[in-house]
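Chemist: Sequence:
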Amino acid sequence: VRFKELVIFFILGSGIFLTYYCILAQTNYWLQFYQKQTLTVLNWVYNVAWTIGGFLIIPLQNILSSKTSALLWFFTNTFCILIIIPIRLIQNEFWRLFTTMIPIFISGLMQQMYFPVIIACSSKLSNKCSLAMQIGTGLLSILITLVEDLITFIIPHSPEKNEFEKSLVINAWIFYIVSAIWLFICLMTYFYLEKHYKQTIQKTKKQQQIDNQNSPILSISTNKVDTEDFLVGDNDITESKISIDNKYKKLQKMVTKKLLPFSIALGCSNIASCVMFPMFVIAIPCKYLMETQGIENNQWFNLAIMTTYMLFDFLGRLLPLIKRIIQMKQKTFMITCYSRFIFCIIIPMMVFPKTSVTTHPIIYNDIFTFIIVACLGMQGEFVGTAAFMKYQDLLETDAEKEFGSYVLNCVNHVGWFLGALLSLAF
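In the working numbering, the protein residues as written are 1472 to 1897.
Possibly wrong hints are sitting among the right ones.
[Stated by the list, open to error] In the DSSO-like style, the derived pairs of lysine-lysine whose C-alpha atoms are separated by at most 27 Å in a straight line are:
hint, residue 1, residue 2
1, K1720, K1475
2, K1538, K1595
3, K1507, K1666
4, K1721, K1637
5, K1666, K1475
6, K1728, K1802
7, K1794, K1729
8, K1669, K1538
9, K1599, K1507
10, K1718, K1538
11, K1595, K1507
12, K1794, K1599
13, K1599, K1800
14, K1538, K1637
15, K1666, K1729
16, K1669, K1718
17, K1800, K1728
18, K1720, K1669
19, K1475, K1729
Hints in this document: simulated from the structure, not taken from any laboratory.
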């Protein structure tokens, strides 16, 4: 794999979930204009949308080409982040939140209909391209958070409510416009990929049939699936199509069977992630602020927590670069996934009992808070990044890897969805 190819997928990966990280980074905006747990609700909406999108793309892969998916992703995500700010003007709290959930849902839906498509494209070159995508996603999540920190620092904040809200709105407009520009750069990068690496592009079923009819010989190769070459003429096109469909169904069953245990482990890791973040993490009180100012947290403590999480999220994506780590056995990888439930024990002990004059959480230490937040971010993204690299080692042909990306993505986001449901229970 060449450096240029890694750069292409790095840029593509950086933009896929950009809108989601933009929403997370605007912590103070959501706390000011919405109810306290709004960020948790929006995170849940994203996870529902991701799950639905992950399942929708499987039948739609025969209808939507890679180019169509890229265009839909760009226009919907750009529209969604720019429409969010005017929605705050809705007076009724319920309808303001409900209306906000609509663009968030559409954004998440299109992200998950686009992500496995690009993973499938990368798998046709090298699993290092998948790693480049994950690193791109992680680095942009950090940069987005740092941009938000910078804007927050530059724009003056007044203790007067109206002035403070005005500064938050200006902050949000600058932030989202910069993000929209980067989304456009990612779209242009996709067009470059399509032009110069045509072998990676996913075609619709109709386009594939046209290519097959223009080719005198069809060769279908799958692992553990009987294959044969056959001539396509005017009299046997229908039989050829039936044969192709049957072989593809066998391939789907085989790939699903191979990846299911691996995928379930990743899904369980995501359940633990979603239950803890962001709801429990942003509820952790600051001991220093409580003892000196009598408040649980402030905007800078919230930004510090989010920045720490995003930074170590990125470092977790880099861990698969270490050869010994990425070569771990499948069983070891699955144990690493399930070990994430340890955080479901530790973090609630850092939140409960609720802080007051006479009580404080069982674990009450600011340094330990940042260590746990760092570990939570690093371990989760290491698992997520490694999974989309290691699944390719379990499969052989491009066709297997392409469908495998959809299977892994679906189970992955079922985990996010179940975790989101559990977080709402709290």
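Chemist: All hints, please: hold or fail.
Modeler: Going down the list of hints, with the structure as the test:
Using a Cα cut-off of 27 Å, the hinted pair K1720 and K1475 is violated, with the two alpha carbons roughly 35 Å apart. Under the criterion of a C-alpha separation no larger than 27 Å, the hint pairing K1538 with K1595 is consistent with the structure, at around 17 Å. Taken as a hint, the K1507 and K1666 pair is broken in the structure, with Cα atoms around 47 Å apart against an allowance of 27 Å. Using a Cα cut-off of 27 Å, the hinted pair K1721 and K1637 is violated, with the two alpha carbons roughly 58 Å apart.
Among the hinted pairs, K1666 with K1475 is consistent with the structure: their alpha-carbon atoms are about 14 Å apart, no more than 27 Å. Annotation: proposed proximity of K1728 to K1802 holds, straight-line Cα distance about 16 Å (limit 27 Å). Of the pairs offered as hints, the one joining K1794 and K1729 holds, with about 24 Å between alpha carbons and a cut-off of 27 Å not exceeded. Distance restraint check for K1669 and K1538: the Cα-Cα separation of roughly 11 Å lies within the 27 Å cut-off, and the hinted pair is therefore satisfied.
Our distance criterion of 27 Å between C-alpha atoms is broken by K1599 and K1507, whose separation comes to about 41 Å. Distance check on the hinted pair: K1718 and K1538 sit about 26 Å apart at the alpha-carbon level, within 27 Å; holds. Between the alpha carbons of K1595 and K1507 the distance comes to roughly 45 Å, so the proposed pair goes past 27 Å and is violated. For the hint pairing K1794 with K1599, the CA-to-CA distance comes to about 12 Å; that is within 27 Å, so the pair holds.
A threshold of 27 Å between alpha carbons decides the hint, and for K1599 with K1800 the separation of about 18 Å falls inside it, so the pair holds. For a cut-off of 27 Å, the pair hint linking K1538 to K1637 is broken: about 39 Å separates their Cα positions. Note on K1666 and K1729: the hinted pairing is violated, with a Cα-Cα distance of about 33 Å set against a maximum of 27 Å. For the hint linking K1669 to K1718, the alpha-carbon distance of about 24 Å falls within 27 Å, and the restraint holds.
Straight-line distance between C-alpha atoms of K1800 and K1728 comes to about 18 Å, which keeps the hinted pair within the 27 Å bound. Between K1720 and K1669 the CA atoms are separated by roughly 25 Å; this keeps the pair inside 27 Å, and the hint holds. A C-alpha spacing of about 32 Å is found between K1475 and K1729, which places the hinted pair above 27 Å, so the restraint is violated.
In terms of the numbered hints stated before, the structure departs from hints 1, 3, 4, 9, 11, 14, 15, 19, listed from lowest to highest.
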